[in-house]
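**Student:** Each protein sequence line maps, in turn, to chains A and B.
All residue numbers for the first sequence refer to numbering that gives the first Met the number 0, where the first residue is 0 and numbers rise by one.
All residue numbers for the second sequence refer to numbering that gives the first Met the number 0, where the first residue is 0 and numbers rise by one.
Where hints are given, some of them may not hold.
Claimed, not checked - List of simulated lysine-lysine pairs, BS3-like, C-alpha gap at most 25 Å:
(1) K12(A) to K77(B)
(2) K73(A) to K122(B)
(3) K4(B) to K73(B)
(4) K73(A) to K213(B)
(5) K22(A) to K213(B)
(6) K43(B) to K77(B)
(7) K49(B) to K12(A)
(8) K73(B) to K12(A)
(9) K198(B) to K21(A)
(10) K73(B) to K47(B)
(11) K213(B) to K121(A)
(12) K49(B) to K46(A)
(13) K88(B) to K106(B)
(14) K4(B) to K49(B)
(15) K73(A) to K77(B)
(16) K112(B) to K88(B)
(17) K213(B) to K21(A)
(18) K213(B) to K12(A)
(19) K73(A) to K73(B)
(20) K73(B) to K46(A)
(21) K46(A) to K12(A)
(22) K4(B) to K77(B)
(23) K73(A) to K49(B)
(24) K47(B) to K73(A)
(25) K43(B) to K73(A)
(26) K22(A) to K186(B)
(27) K213(B) to K105(A)
(28) K213(B) to K73(B)
(29) K122(B) to K12(A)
(30) K12(A) to K134(B)
(31) K121(A) to K22(A)
(32) K105(A) to K121(A)
Stated by the list, open to error - Residues of chain A clear of chain B, computed beta-carbon distances all greater than 10 Å:
(33) D28
(34) Q30
(35) I31
(36) N32
(37) Q38
(38) H47
(39) F75
(40) A79
Hints were generated in silico from the structure; no laboratory data involved.
Every residue gets a Cβ at the ideal spot worked out from N, C-alpha and C, and that includes glycine.
Each chain is listed here by its residues.
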Amino acid sequence: MFCEEFTEKSGVKVDFQSGGMKKLQLDSDSQINLYRLVQEALNNIGKHANARQATIKLFGASPNIILRIEDGGKGFDMEAWERTKDSEKRMGLRSMQERVSLLHGKMMIQSRPREGTRIFVKIPCQENRHGPEKDYSDR
Amino acid sequence: MVQKKTILIVDDHTLFREGLRAIIERGPGYEVIGEAGNSREGLKMVDKYKPDLVLLDISLPDRSGIELTRDIVKLSTKTRIMIVSMHSKTDYIVRAFQAGATGYVIKESAAAKLLQGIGSVLKGDYFMDAAVSQKVVEKLAEIKEKKVKVTNTTYDALTPREQEVMILVAEGLSTNQISERLYISPKTVENHRSRVMQKLDLHNTIELVRYATKLGLIDIDLWKD
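Looking at chain A on its own, in the form it has when it is part of the complex:
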């Protein structure tokens, strides 16, 4: 599991919580993209946040998937970030944003210097076409 490896390498304790994903039957692209998002978020935390711990919550919230990543690290100045986010130095969060846009989702970032960073991602479910029928018999 990536989170465990990350904890071992970086020393940042990761609390990973998830639920409600099994019945959503995600297609493989969405699964890979979600995995990459978590990976990118943890890499950012490891490189920049100077955090001791991070929490990742990944929950099915039909018709969406919700991913929250929070760290209690050093945080950053959001206004300064907005001004420089297109520069090459700011690749980490920008590539997450691009991935979320490709998935037609939305991403919100909150950060406060010395308090940490919170990232909220909401992605519409792209269900596996070969998976079981959705529970919509109740219409």
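For this one, chain A is given, so just place chain B on it according to the hints.
**Tutor:** Relative to the frame of chain A, chain B by itself:
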């Protein structure tokens, strides 16, 4: 000129604090910015000075140093904490690290060991007195590997439609509004809602909102004033 690293000492024994201060100020690059004799004063000074390091005793007159460690971690994320204690029991040491300390030195240690510890902790490393590390490693070896992943199996029991209804209820929509939003009858909404409550063992809407918030399914901005 390199800025000196700031250190706060929290210990209820005045003579001991003075001894620590004398040792620390022997080392280059450190400045003791304050001393406190109890946890209340200590926390106030952490808030005021945001020191780089707090040297902290476990036995304080008003609260334990371990509880204080938790508060310091919340109050000032940049501050590192090193416990300087007479206790060499493994349980104390493990609890101190769990609370957020990154260094542990026992009071019997030599001054050189203390300075070595301060240097390591300020660099962002963990430091443990060799006199106690052997015991701690033995204790750690006894603890079963803890899995990082936590799966919420109760929530897993919900169908996608039940997830949908649950979130809309948690967001404050009425049965009729949910019915219009999802093109299902109010009766069906009620059925989904009661199945959600039953599966998650919830008894009212407040509990449902609390549950959804805990999982991060709905937005409640804790940073808003």
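**Student:** Does each hint hold? Answer for all of them.
**Tutor:** Consistency of the hints with the structure:
{"no.": "1", "hint": "K12(A) to K77(B)", "verdict": "17 Å, holds"}
{"no.": "2", "hint": "K73(A) to K122(B)", "verdict": "16 Å, holds"}
{"no.": "3", "hint": "K4(B) to K73(B)", "verdict": "20 Å, holds"}
{"no.": "4", "hint": "K73(A) to K213(B)", "verdict": "24 Å, holds"}
{"no.": "5", "hint": "K22(A) to K213(B)", "verdict": "21 Å, holds"}
{"no.": "6", "hint": "K43(B) to K77(B)", "verdict": "16 Å, holds"}
{"no.": "7", "hint": "K49(B) to K12(A)", "verdict": "23 Å, holds"}
{"no.": "8", "hint": "K73(B) to K12(A)", "verdict": "16 Å, holds"}
{"no.": "9", "hint": "K198(B) to K21(A)", "verdict": "16 Å, holds"}
{"no.": "10", "hint": "K73(B) to K47(B)", "verdict": "14 Å, holds"}
{"no.": "11", "hint": "K213(B) to K121(A)", "verdict": "16 Å, holds"}
{"no.": "12", "hint": "K49(B) to K46(A)", "verdict": "23 Å, holds"}
{"no.": "13", "hint": "K88(B) to K106(B)", "verdict": "13 Å, holds"}
{"no.": "14", "hint": "K4(B) to K49(B)", "verdict": "11 Å, holds"}
{"no.": "15", "hint": "K73(A) to K77(B)", "verdict": "7 Å, holds"}
{"no.": "16", "hint": "K112(B) to K88(B)", "verdict": "19 Å, holds"}
{"no.": "17", "hint": "K213(B) to K21(A)", "verdict": "20 Å, holds"}
{"no.": "18", "hint": "K213(B) to K12(A)", "verdict": "19 Å, holds"}
{"no.": "19", "hint": "K73(A) to K73(B)", "verdict": "12 Å, holds"}
{"no.": "20", "hint": "K73(B) to K46(A)", "verdict": "21 Å, holds"}
{"no.": "21", "hint": "K46(A) to K12(A)", "verdict": "14 Å, holds"}
{"no.": "22", "hint": "K4(B) to K77(B)", "verdict": "12 Å, holds"}
{"no.": "23", "hint": "K73(A) to K49(B)", "verdict": "13 Å, holds"}
{"no.": "24", "hint": "K47(B) to K73(A)", "verdict": "18 Å, holds"}
{"no.": "25", "hint": "K43(B) to K73(A)", "verdict": "21 Å, holds"}
{"no.": "26", "hint": "K22(A) to K186(B)", "verdict": "24 Å, holds"}
{"no.": "27", "hint": "K213(B) to K105(A)", "verdict": "21 Å, holds"}
{"no.": "28", "hint": "K213(B) to K73(B)", "verdict": "19 Å, holds"}
{"no.": "29", "hint": "K122(B) to K12(A)", "verdict": "19 Å, holds"}
{"no.": "30", "hint": "K12(A) to K134(B)", "verdict": "23 Å, holds"}
{"no.": "31", "hint": "K121(A) to K22(A)", "verdict": "18 Å, holds"}
{"no.": "32", "hint": "K105(A) to K121(A)", "verdict": "5 Å, holds"}
{"no.": "33", "hint": "D28", "verdict": "19 Å, holds"}
{"no.": "34", "hint": "Q30", "verdict": "16 Å, holds"}
{"no.": "35", "hint": "I31", "verdict": "19 Å, holds"}
{"no.": "36", "hint": "N32", "verdict": "19 Å, holds"}
{"no.": "37", "hint": "Q38", "verdict": "15 Å, holds"}
{"no.": "38", "hint": "H47", "verdict": "14 Å, holds"}
{"no.": "39", "hint": "F75", "verdict": "13 Å, holds"}
{"no.": "40", "hint": "A79", "verdict": "18 Å, holds"}
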